[in-house]
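Following the hints, put chains B, C, D, E, F, G and H in place on chain A, whose structure we already have.
8 protein chains.
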Amino acid sequence: MKDKIKQILNQIQDSQISIDEGLQQLEQMYSCDMGYARLDTHRQYRKGFPEAIFCPGKTTDQIVQIAKKLHEVSDQNVLATRAGREVYEAVCREIPSTEFNETSRTIVIRKGVQRSVGNILVVSAGTSDLPVAEEAAVTAEAMGNKVERMYDTGVAGLHRLLSQSERLQQAKVLIVVAGMDGVLPSVVGGLATSPVIAVPTSVGYGANFGGLAPLLTMLNSCSEGIGVVNIDNGFGAGYLASLINQAGI
Amino acid sequence: MKDKIKQILNQIQDSQISIDEGLQQLEQMYSCDMGYARLDTHRQYRKGFPEAIFCPGKTTDQIVQIAKKLHEVSDQNVLATRAGREVYEAVCREIPSTEFNETSRTIVIRKGVQRSVGNILVVSAGTSDLPVAEEAAVTAEAMGNKVERMYDTGVAGLHRLLSQSERLQQAKVLIVVAGMDGVLPSVVGGLATSPVIAVPTSVGYGANFGGLAPLLTMLNSCSEGIGVVNIDNGFGAGYLASLINQAGI
Amino acid sequence: MKDKIKQILNQIQDSQISIDEGLQQLEQMYSCDMGYARLDTHRQYRKGFPEAIFCPGKTTDQIVQIAKKLHEVSDQNVLATRAGREVYEAVCREIPSTEFNETSRTIVIRKGVQRSVGNILVVSAGTSDLPVAEEAAVTAEAMGNKVERMYDTGVAGLHRLLSQSERLQQAKVLIVVAGMDGVLPSVVGGLATSPVIAVPTSVGYGANFGGLAPLLTMLNSCSEGIGVVNIDNGFGAGYLASLINQAGI
Amino acid sequence: MKDKIKQILNQIQDSQISIDEGLQQLEQMYSCDMGYARLDTHRQYRKGFPEAIFCPGKTTDQIVQIAKKLHEVSDQNVLATRAGREVYEAVCREIPSTEFNETSRTIVIRKGVQRSVGNILVVSAGTSDLPVAEEAAVTAEAMGNKVERMYDTGVAGLHRLLSQSERLQQAKVLIVVAGMDGVLPSVVGGLATSPVIAVPTSVGYGANFGGLAPLLTMLNSCSEGIGVVNIDNGFGAGYLASLINQAGI
Amino acid sequence: MKDKIKQILNQIQDSQISIDEGLQQLEQMYSCDMGYARLDTHRQYRKGFPEAIFCPGKTTDQIVQIAKKLHEVSDQNVLATRAGREVYEAVCREIPSTEFNETSRTIVIRKGVQRSVGNILVVSAGTSDLPVAEEAAVTAEAMGNKVERMYDTGVAGLHRLLSQSERLQQAKVLIVVAGMDGVLPSVVGGLATSPVIAVPTSVGYGANFGGLAPLLTMLNSCSEGIGVVNIDNGFGAGYLASLINQAGI
Amino acid sequence: MKDKIKQILNQIQDSQISIDEGLQQLEQMYSCDMGYARLDTHRQYRKGFPEAIFCPGKTTDQIVQIAKKLHEVSDQNVLATRAGREVYEAVCREIPSTEFNETSRTIVIRKGVQRSVGNILVVSAGTSDLPVAEEAAVTAEAMGNKVERMYDTGVAGLHRLLSQSERLQQAKVLIVVAGMDGVLPSVVGGLATSPVIAVPTSVGYGANFGGLAPLLTMLNSCSEGIGVVNIDNGFGAGYLASLINQAGI
Amino acid sequence: MKDKIKQILNQIQDSQISIDEGLQQLEQMYSCDMGYARLDTHRQYRKGFPEAIFCPGKTTDQIVQIAKKLHEVSDQNVLATRAGREVYEAVCREIPSTEFNETSRTIVIRKGVQRSVGNILVVSAGTSDLPVAEEAAVTAEAMGNKVERMYDTGVAGLHRLLSQSERLQQAKVLIVVAGMDGVLPSVVGGLATSPVIAVPTSVGYGANFGGLAPLLTMLNSCSEGIGVVNIDNGFGAGYLASLINQAGI
Amino acid sequence: MKDKIKQILNQIQDSQISIDEGLQQLEQMYSCDMGYARLDTHRQYRKGFPEAIFCPGKTTDQIVQIAKKLHEVSDQNVLATRAGREVYEAVCREIPSTEFNETSRTIVIRKGVQRSVGNILVVSAGTSDLPVAEEAAVTAEAMGNKVERMYDTGVAGLHRLLSQSERLQQAKVLIVVAGMDGVLPSVVGGLATSPVIAVPTSVGYGANFGGLAPLLTMLNSCSEGIGVVNIDNGFGAGYLASLINQAGI
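Protein chains in written order, with this note's numbering: chain A, 2 to 250; chain B, 2 to 250; chain C, 2 to 250; chain D, 2 to 250; chain E, 2 to 250; chain F, 2 to 250; chain G, 2 to 250; chain H, 2 to 250.
If we strip away everything but chain A, and leave its shape as in the complex, we get (with noise of 0.2 Å):
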């Protein structure tokens, strides 16, 4: 951040920029008042990574200006979750360099170096905690993880994970996703020797009441070393991985 404080002084001395203009980008490095929304621009430097935009409840039009902004201010990857095709296609108008996960219906608009250290592996139990997954693997690679994914490997065929045992090992951080019980991260922290970020998802129908089973499993489970995040939340998972992953860099 001081960087970024002593480059906008050496503008304003060496006349590039005027002092009013010096001002305001000092104060836009910790809000930004857009009306409908208060940036919290200083997130980048004090969390690492811009505030991200969470899209339900807002309009295209304030996504597309929350995001320029966001860009605007960031040297680095913006990310917006959530998001409908339509609401890709709006930031894309705006700002080429945006990409698009259709599965997990995240944002991600490319700036500054694309980095990709450590090693955070997505495990998820079936093929409908796909979207969950992949709104984990795709944020903490918007971070500048190195993320491997292995779909599909639930308990109730318990060979597909262990003939992984290998890979579960050497991650550095896992994200483990799963609906219906949530018997998953249970298994998985008994068989790896890293943090296990548990993610409950709201794939499930009856008792499963909304996804709160395999929340209450993940928080009730015997192995050690798992932390549990909010239901369906990929996003928090991603970012909390890309911490602990790039906690000793």
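Worth double-checking, as some hints may not be accurate.
[Said to hold, decoys possible] A few chain E residues that face chain D, going by a derived Cβ cut-off under 8 Å, partial list only:
| no. | residue |
| --- | --- |
| 1 | 9 |
| 2 | 11 |
| 3 | 171 |
| 4 | 173 |
| 5 | 196 |
| 6 | 230 |
| 7 | 245 |
[Unchecked claim] Per the computed footprint, the stretches of chain H lying under chain A, defined by three or more beta-carbons under 8 Å from a beta-carbon of chain A, are:
| no. | region |
| --- | --- |
| 8 | 36 to 49 |
| 9 | 146 to 153 |
| 10 | 222 to 230 |
| 11 | 234 to 243 |
None of these hints come from the bench; they were simulated from the model. Glycine included, C-beta positions come from ideal geometry on N, C-alpha and C.
Below, chains B, C, D, E, F, G and H without anything else, positioned relative to chain A:
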């Protein structure tokens, strides 16, 4: 049941018992009103095993009287569950062939031919689940089944279970008992070929909510061939296992 | 399973297939990675019936491809549940031996010897419970069991059930399906001698809470010999009934 | 109520009581402030029975004083529920016409003409439900109703209930008390012709959740003509039954 | 019921109907198997009113056929609840004596003597509770009761209720319908002398939880003489009120 | 209220209105029966503001008629909440002084002196909470209060809130609106000196359970001086804030 | 707060205290680290009343030390809630100006000018709600408010409440405490003109679920101007009432 | 693990141990059957720390024997949680290097090199949360991590937390423990840059529902980088923090 009726009629014919005595015996084959309880003495003919005594909410004296009556009218073992040691001692004073299982707090009054048929395997996740696992095992044994035990095989150390996978595949019925996350039946169900009866226990804390967490896990299991009984209901699991185990016999 | 392996090795020896083809076939006996799914092809050897296709959350094209692959590697019927008519028609275009049950929205692809062994009785409480009851019945039939149906026999008119008590006692396994108050399994369990699989349905309103009410009723049943499956889980009930029905065979 | 007012006015006219005494008596016909309680003395005129004393949370001394006051201002029996034996003994020292029902922990202070009209039948499922069933029966008796009891007739042994179906059809009101699965009111409601008051009890364990399971069963009952009261609320059931039983009288 | 049997036997004796026809008529007095439904035709003899048709989950054609059969075998009105206008029109084409209540979506097919006895008062809290209140009123009217209505009398403006207290005290049975906080039955129960049937509705939002809030309020009511039915169960309330209202008749 | 009564009596004395008209006007000061609704017209005298119209469950025509009647009998603004644009347009055709707030879907019909007293501050956590926050603000404004807004100040970027702490301390009442984790009222309550009304919203997903999570957070707040209203109940918060804000005036 | 700072600086200038002592006093105006607790001594300047001591989970010795420190640094009364008598006696030995309220288990340490301003009315439904009602009353009194009490006025005998309606309308703030069905705040809110703080209590049984029933009733209240606090949170209600009552002062 | 195997083989070669002894030692490296427990002795090789002893449900004698066995086969500290003082004393008699933490009721048996690496910061909201916070801290310390503590920093006095913001930003992992409203992790997560492990505690009353309220708050947190563990699960938090803290080491 026909045999029993014939026998009563023969005794009347041979004047071994009076007509009034015979009538009373015939009536007692259906139910027996003890004032505080109306015993379903017909159950042994209908379900193959006499009514079991659920002790909570009954006085020691009531339990002793019910046990004596059931022992009198039945040709088989009589079972009482959730009994204290003082109840056992009171019953034992009246009926010496009474046995007590301390862990599961179960009383068995031996009578008739003691069989041990088929192959029921009781698997439990942790040491704290033993009382429920033992209630299941004792119930099944009292009903004439051969029972094996495989305890403390939680998935946090999965190799403990995998090293026993042959035994899992040889059982004719499996009872799987687990508290905390309730993950074990899903894993066992993925390895075994026979029906699995899943028993959630109230062992755990916090978001376990008195066994709700493992109950939901088991109801939502992705593995096929699993039936669930009430939380801590070892008796019900043992009873159901007996019906299945003796189905083809 | 040994037979299948022997057969592959023989084909290699006889040069009917190449070593690479044989290797692939051997691998496919365990699992088959289709990108969007990792089929547990080993399941038919382990559980006696191939993996069933749970359609929600899969595209029609994915379901068709999975169905074709399972049909190819399995010697038995293939089952797909919760399928729409358009899915059925798409599968049928590829595999003509496909059948559709409109009420339960179940697809069965016929293959191998069609058996019909034992005696499973499906009892349901009301007309609205038919889709779940039929899912159970069709599943059990697809797995080679003889299935009888006894529908609309709720306890509000108890004589409808009592007049059929002989059939209740002759069944080797009973599946009892009920929504609303979920009372039927308790009453059937009091009359029958064989194991009862209780299936709560989400039929009802108000304090039914999407099937929670009948689920709790069944878990707390005072009648012995009852195992419970998830709300609306006709498939799970049919599968478990099949394992029990064929246990002694 | 008019009679009572007239009587007071007559006593004033005849100088049997002073105007101040008369005023106080008239005020006490509506409510009576005892500091720790504001008795609704008007209730006997409005509802036909004086306010009952719910003992939990009151000191023995407060209960005795309230009982004395209600006994004084009322022409009828006074009822106190959920009372310990020591409370009974304290009341009895002050008012000898006090009776205690040990099972239901109910105190009745006799006064006025003891009636026994109509026909209320209290049916209970198991021995552990007796305290609640007796609270209902004693309440109804104290309010001047004829009460019959039919206990321990759970549906696990349905013939015990069916053999009494004539009594079920002759009752003018039925109170049906059940814990565990709470199935009995649905079955009784299917056989009886009169209104059924269903009382869930907290008897049970595990997924019974303190009586929630039978409460939901009863609220969702498929049988018509059933009204439900709170868990363990024998008093409320007896009260409602009395209002119905005496409606036409 | 004896009259009906006698009449059939007379018709056989007089050769008005054949023995086979008589047998069929006798059987239909108990139940009638229509394939998709097993009508409890005995109910009108047992409960005094024929089985009502709960429309959800039945096709229009099924409803029409069931209505025709019930209308044929019954001497009284036939009732169908939760029906759409198109269902009404389909029934009306077959049976012209059919009426429709738009607010409560109830169908009544008139037959026999139309009675209007006793005095049932239906009280509702808000305008949105009208559909449930009307379902109760129409049900009670169809069963031959005199019904009065007192709508939109919530306690937020208590004077609206107090100004009608005389009507509250004159009713023989009261049905009180309320959503939101469900407070009205407690207040009415404190003013009225007759039994109160409380009906929670699903009207509300937020922590109303689909009617759970008013349901709990009513179950915990401090006023005596209140029985509760399921959320939105106007039919059940009308039925129970009818049984109570006609008890002494 | 006395003024209004005097005015009516004067008009009668002066023969401006007939006695019948005067009587009707006096009656309408208490309640007004419109068939489908019984308006509590006395509320403006009792609570200081006329009854508001909660639109869900009412037809457009009913809303228009109620609005007209309230506008006629009241001296103040009339408020309708949760209204669609088409409802606004229908009301506007009848009463031109009608305004619509699109975000909160609130209708205000202006009448009388428009005040703007005291100082109510509405704080909201996220952009998606705006509809509820605006409902609170518009309600308070319609009731004659001065209202300030401070939106999108969630604690994930705490500096956005801290930079406004002076405004927090100057408000006479604060309304704090938050979904998701519902953390904002606790933080604001720790900084402010005036009463805080906390409004949970249903914004969120997964273990948010429709607003249950923020509701529980707010009820358990460690900060003092917080009162909670129902989930999404912006109207209730604005109303309560108005009563507090105008308490000393 | 400025006065306090000025005073410290004056003492330093006058050499009454050393600079170190002054520094410590200034620091203690913000917080005070006692090892086991970090007192928020700034709270009296921010909220107008010092931090209160919530006793559960603290040792008697810790409570005494915290009480002494708060008493030392504050100019006002110190309050401790949910305290046992032995805690009171221990505090009293150290600070004689300590008072104990047995019913609510509240300790007040008197200091400074004892005010009694405004008009707070505490209304409670039943005798068992007294501890919570008294906690609210004592808290408000300790904070300098005039408090009136109106106890045992449940709606089952509505005339008890209506006869006091004048007092309800004169209060500046009302605290309404109720367990069981929690109906009282809705009724009081319909009669009163001032803000109502509703306090659910855990008094009740069965479907009361530890106070959940009255909590939901109050959150869903149809009467306007009601804010709700946590179950049994008399302290929170008293605190909020004080902020409102003293708002205009 | 290879080192350990090599060492055993060397001892056999050198005849220091017999082949049978060597075999037993090799087997014990995987699991150890003690009858009442099947220790997962392989866990220290797989997860880097031996199995911890969860004391509830085990007898003191069982705990002592398990502790001795784990201490024997492991090179590292052994940890037992939720232990009473009498358990500590019994263990201490057998293994003198045993330590007890009274607040958290944790036993640590020291062995091997005592490390203290990285930087874990444990933050807690209130004094009552100390037992859980200490369980987390002791667990992390026993696993070789440097742990700092920052206690009693709830958001009701936010300046206590803000004054320590530098420490929040310097930690490599943060464990944040809170009961009541569970707000602290959201606020800390908004200020810190490293991963936050949120631990809800069961501290609170009323609508806290045994820790459910803070659990939901934490799962729904708007701040990024937060993983949640079970209610009161200090052990799980300490374990997960250790895995993260030592990830790069």
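Q. Are there three or more residues in the region 234 to 243 of chain H whose C-beta lies closer than 8 Å to some C-beta of chain A?
A. With 3 residues closer than 8 Å to chain A, the region 234 to 243 of chain H meets the three-residue bar; holds.
**Q.** Supplied contact hint for residue 11 of chain E, tested at 8 Å Cβ to chain D
**A.** For residue 11 of chain E, the interface hint is violated, since the closest Cβ of chain D sits about 26 Å away, which is over 8 Å.
* 8 Å C-beta test of the region 146 to 153 of chain H against chain A, three or more residues -> violated (count 0)
| request: Using 8 Å as the Cβ threshold, decide whether residue 9 of chain E counts as touching chain D. | output: Check failed: Cβ of residue 9 of chain E comes no nearer than 22 Å to chain D, outside 8 Å.
Closest C-beta approach of residue 171 of chain E to chain D relative to 8 Å, hint status: Result: violated, 13 Å to nearest chain D Cβ.
| message | Hint residue 230 of chain E vs chain D: min CB-CB distance below 8 Å? | response | holds, 6 Å
Quiz prompt | Hint validity - residue 173 of chain E Cβ closer than 8 Å to any chain D Cβ | solution = With Cβ-Cβ at 6 Å, under 8 Å, it holds.
Problem set entry | Assertion that chain A covers the region 36 to 49 of chain H - criterion: three or more residues, beta-carbon distance below 8 Å | holds (count 3)
Check, residue by residue, whether the region 222 to 230 of chain H contains three or more positions whose beta-carbon lies closer than 8 Å to a beta-carbon of chain A, and give the verdict.
holds (count 6)
Inset, instruction - Would you check whether residue 245 of chain E satisfies its interface hint, that is, whether its CB is within less than 8 Å of any CB in chain D? - result: holds, 5 Å
Hold the hint about residue 196 of chain E up to the distance rule: shortest CB distance to chain D must be less than 8 Å. holds, 5 Å
Checked against the numbered hints listed earlier, the structure breaks hints 1, 2, 3, 9; every other hint is satisfied.
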